[in-house]
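Each chain, letter by letter, is given below.
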Amino acid sequence: MGYVAVKGGIDAILAAEELVKLGRLQSRSELLQIDQLIEQQRMAVDQVMSEAGLYDEKLAALALKQAEGDLMEAGFLLRAYKSTLERLGYSLPIDTSRMKVLRRISSAFKNIPGGQVLGRTRDYTQRLLDFNLIEEIRVPESAFQQPKATTNMPKFSRVSDLLRAEGLLAALAPSEQEPFDITRDTLKFPAPRSARLQTLARGESGAMVALGYSSLRGYGMVHPTISELRYGKVPVEFLHPLTGNPVTVGQLRVTEVEALNHAYSIVGRDKDGIAEQESQNKDGETVAPLYELGYGLVYGQNERKAISMSILDRALDIGGDAPSSDQEFVLYHIDSVESSGFVEHLKLPHYVTFQSSLDRSREETRLAYAAEAGKK
Amino acid sequence: MLKDLITTEENYNYAFLDEGSKREIRRNLLKAVAIPGYQVPFGSRELPIGRGWGTGGLQITLSLIGQGDIVKVIDQGTDAGVNAANIRRLIERTAPDVTTTFQTSEATIIQTRHRIPEEKMQAGQLLVLQVPLPEPLRLVERSENATRRMHADKNYSRMWVALYEEIVKHGLLARAYSYPVMVNGRYVMAPSPIPRWDVEKLNNAEHLSLFGAGREKRLYAVPPRTAVVPLDFEDYPFTVEDFHGIRCQRCGAEHSFLDEITTEAGQKTYMCSDTAYCDEQVAKKVAEREMQKEFAG
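In the order they appear, the protein sequences are chains A and B.
For the first sequence, the numbering used here assigns the number 1 to the initial residue and increments by one for each residue that follows.
For the second sequence, the numbering used here assigns the number 1 to the initial residue and increments by one for each residue that follows.
Don't read these hints as lab results, they were simulated from the structure.
Warning: the hint list may mix true and false statements.
As the list claims (entries may be wrong) - Below, in silico cross-link-like pairs of lysine to aspartate or glutamate (DMTMM-like), each with a Cα-Cα straight-line distance of 25 Å or less: (1) A:110 - A:292; (2) B:169 - A:363; (3) B:169 - A:372; (4) A:188 - B:141; (5) A:82 - B:24; (6) B:31 - A:185; (7) B:268 - A:364; (8) A:82 - B:92; (9) A:82 - B:18; (10) A:375 - B:165; (11) A:375 - B:235; (12) B:268 - A:363; (13) A:188 - B:153; (14) B:154 - A:328; (15) A:82 - A:35; (16) B:169 - A:364; (17) B:31 - A:181; (18) A:100 - A:39; (19) A:347 - B:264; (20) A:82 - B:19; (21) A:188 - B:24.
Said to hold, decoys possible - Listed next, the stretches of chain A that the computed footprint assigns to chain B, with coverage defined by at least 3 CB atoms under 8 Å from CB atoms of chain B: (22) 188 to 194; (23) 333 to 341; (24) 355 to 369.
Even for Gly, the Cβ is constructed at its ideal location relative to N, Cα and C.
All chains, please: the whole structure from these sequences, using the hints.
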C-alpha cells in the first residue's frame, strides 16, 4: 500500500508485544514459578480472582506473572478468559455458617460464642520493613509456634443470629426471586440487590475503599459497626444431575462481613426506588430502633474490600444524595476492566475528533473577531 | 517468535465468543434494526482487547462474521492505525477463514472507529461503528434511569436548550463530533464520535449501520434508507468541517476529510484521513497518466 503507515502499524504493535515478552526474560534472577505466586503473593492472587470474578488460583497467578504484577491488567486477562467459558450451571448458594473459619472477629461484642479468632492478619503488626527478607534464609517451620489444630474449631454461630434472637435485626426471609446475572444482563436502575451485590463483589478494591471511605467521612450516612468479619473456606455444592443430591465439587476461600447500621423502618420506596424512611416519631409513637445489615462477600482474603462492600451495600440500599448512595455512580464506576479500559483509551489516536474540535474553535475565534471588527 | 503473535488461536472458539453469546448479540441486533436509533441493552462480554477500545463494535463483528466474509477495519479513517491493526489481527487469529481487505468496495463488513469511509457504501455492506458513549443525552443528564425515560417520552427539550445555549455562549453550534441526530423522526442518537463531515453518510444510506458500545453495554442501528437528521435551527443550520481552499497534499482530493499534519520543517499540510480513499485517488491518477502516455506514444 502506498500509505507508509499501513505497514508500520502492525509492525509496531508486534514489536511492542515482543518487547513486553522479552523484558521479563531479560531478568538476571530466577524466573518466577506459578506456585511461588500462589504461595507467596497470596493477597495479589486473591485480589485478581476477586476483581475478575473467577476463582482459580493457578490462572490468577498466571495472569499476574504475565502482567508483571499489574493487578488491573491481571484481572483483565482473567476476565477476558472467563468470558469464553460456557455456563455449565449454577451451584447451590454457599452457606458461610459452614465455613472452616481461619479468622473471625467482631467489633460489636467483646465476647462472642466461639470466641474471636485473630488468625493470619497484619492488623497488629508494626509496619517496619523487615530487611532480613532481602537476603532471606529459610527459617525452619519448627522455629515458629505450631498453629492450633483447626480440626477442633467449633462451629461458629453468627453474631447476627444473636441480634436476630433479640429482635434487634429483622429475621431473614428466604428470597424466592431468581437472582439477576450481571454477566448476562445489563444493569437497569434501580438495580435489584442481587445485581448490586454481584457488581460490588467483583469491584476494584481501591475504588471501593475510596467510596466506602467517603461515606465514613461524611459524604453519606453509613458508618457501621462490624458485627462479624470471617475468613475461611466454604464448600461449593452442585445438585447432581442424575441423583438430584447435593455434591461438593470444591471449596472457596472467602471473606465475609456483616456490618450493623442503625435502621429506621422503611415504609416504602419512591419512584426512583429510594427508600422512604418512616419518621421516628410518627403519630407520637416512637418506632422501635432496629439494625440493618450491610453485607460483604469477596473471593479470597481481602478484608478492606469486603468491609467497603458492606458499607456500599447499605449505602445503596438507603439511597439519598451521597455519592456512595447513588446506584449509577457506584455501580458504573467500580469495575476495574471498564474504568481502566476507558481511562487508558485516551492513548488511542483522536486525530479526527480533534480536527473537528479545532474546526469549531477556529470558527468561534473567527466569528468573535468578525463581531469585534463589526463594532468598530 | 514474531510469528507466534499472528498465528491462529486453537484454544478459543471460532471468532472468540461462544456460540450462545453470538446468538444473543444477533438477536439484540435484530431488535436494534427494528427500532432505528433505540439503544438496546445487551450482556456485553469482555474481550481480549481493552474495554473502551472497540469491544462493542468487535462483539458485533465477531458474532456476524463467517466463511467468505471480507473484513476491513479502520481507526480514525486508516487501516494502518495501531488499534485497527490489533483488532484485525484478533479477527484473523480467531476466525481464520475470513479474509481482510483495505478496500472499501470489496468489504462485506467494515468495522470503524470515528470515521465512515469516503467511498459510498453499497446495499449489502455492513458498517460496524465502535461507540464509547452511546447516550447523546448524557451531556445534559447524568442518570441513565432519567435518560431512558426521556427517550421513552421523546422528551428532548433539554437537548434543544443545550444546543441553544451553545449558540448563546459561543455564537455557533459548538458540537464538533458525535453530533446528535434524530433517527427516523423518533430517537435522538449519538452517531459515535464521527466528524460532522460523516453524518450525511448515515442519512438514507444504502448500507446498514450497526453501533456497539461494549463498556456501556448498548447496541443500536440505522437501517438502510432511514432518515438521519442532525439537530439544528433554521437560523443556525448544521455545518460540516470547513476544508475550503485546501486539498490532500498526497492525492489532491478536494472533497475529503483531511488530517492536519505539521512537517518537520514546521509547515502545515493536509492529507486524507481515509487512507484507502487516498490510495485509490493516487492509483487513479497513475492509471490516467499511463493512459495519456499510451495515447501520446
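Checklist entry - Taking only the CA atoms, is the gap from residue 169 (chain B) to residue 372 (chain A) under or equal to 25 Å? => result Roughly 16 Å between the alpha carbons, so the hint for residue 169 (chain B) and residue 372 (chain A) holds.
Item to check | 8 Å C-beta criterion, at least three residues: is the stretch 188 to 194 of chain A covered by chain B | outcome: Satisfied; 3 residues make the cut.
Item to check | Distance restraint between residue 188 (chain A) and residue 141 (chain B), which requires alpha-carbon spacing of 25 Å or less | outcome: The given pair, whose Cα atoms are some 16 Å apart, holds under the 25 Å limit.
Checklist entry - Is residue 268 (chain B) within 25 Å of residue 363 (chain A), Cα to Cα? => result holds, 18 Å
Item to check | 25 Å Cα cutoff - pair residue 82 (chain A), residue 19 (chain B) | outcome: holds, 15 Å
Checklist entry - Does residue 235 (chain B) lie within 25 Å of residue 375 (chain A) when you go C-alpha to C-alpha? => result holds, 22 Å
Item to check | Given hint residue 181 (chain A) paired with residue 31 (chain B) - CA-CA distance at most 25 Å | outcome: holds, 21 Å
Checklist entry - Do the alpha carbons of residue 100 (chain A) and residue 39 (chain A) lie within 25 Å of each other, as the hint requires? => result holds, 19 Å
Item to check | Restraint status (C-alpha distance of residue 82 (chain A) to residue 35 (chain A) at most 25 Å) | outcome: Given that 25 Å is the threshold and the Cα spacing comes to 21 Å, the pair holds.
Item to check | residue 188 (chain A) paired with residue 24 (chain B) [C-alpha distance capped at 25 Å] | outcome: Status holds; Cα separation ~18 Å.
Item to check | Restraint status (C-alpha distance of residue 110 (chain A) to residue 292 (chain A) at most 25 Å) | outcome: holds, 20 Å
Next on the checklist: Against the 25 Å threshold, does the CA-CA distance of residue 169 (chain B) and residue 364 (chain A) hold or violate the hint?
Outcome noted: Holds, at about 10 Å.
Violated hints for the displayed structure: none, as all numbered hints are satisfied.
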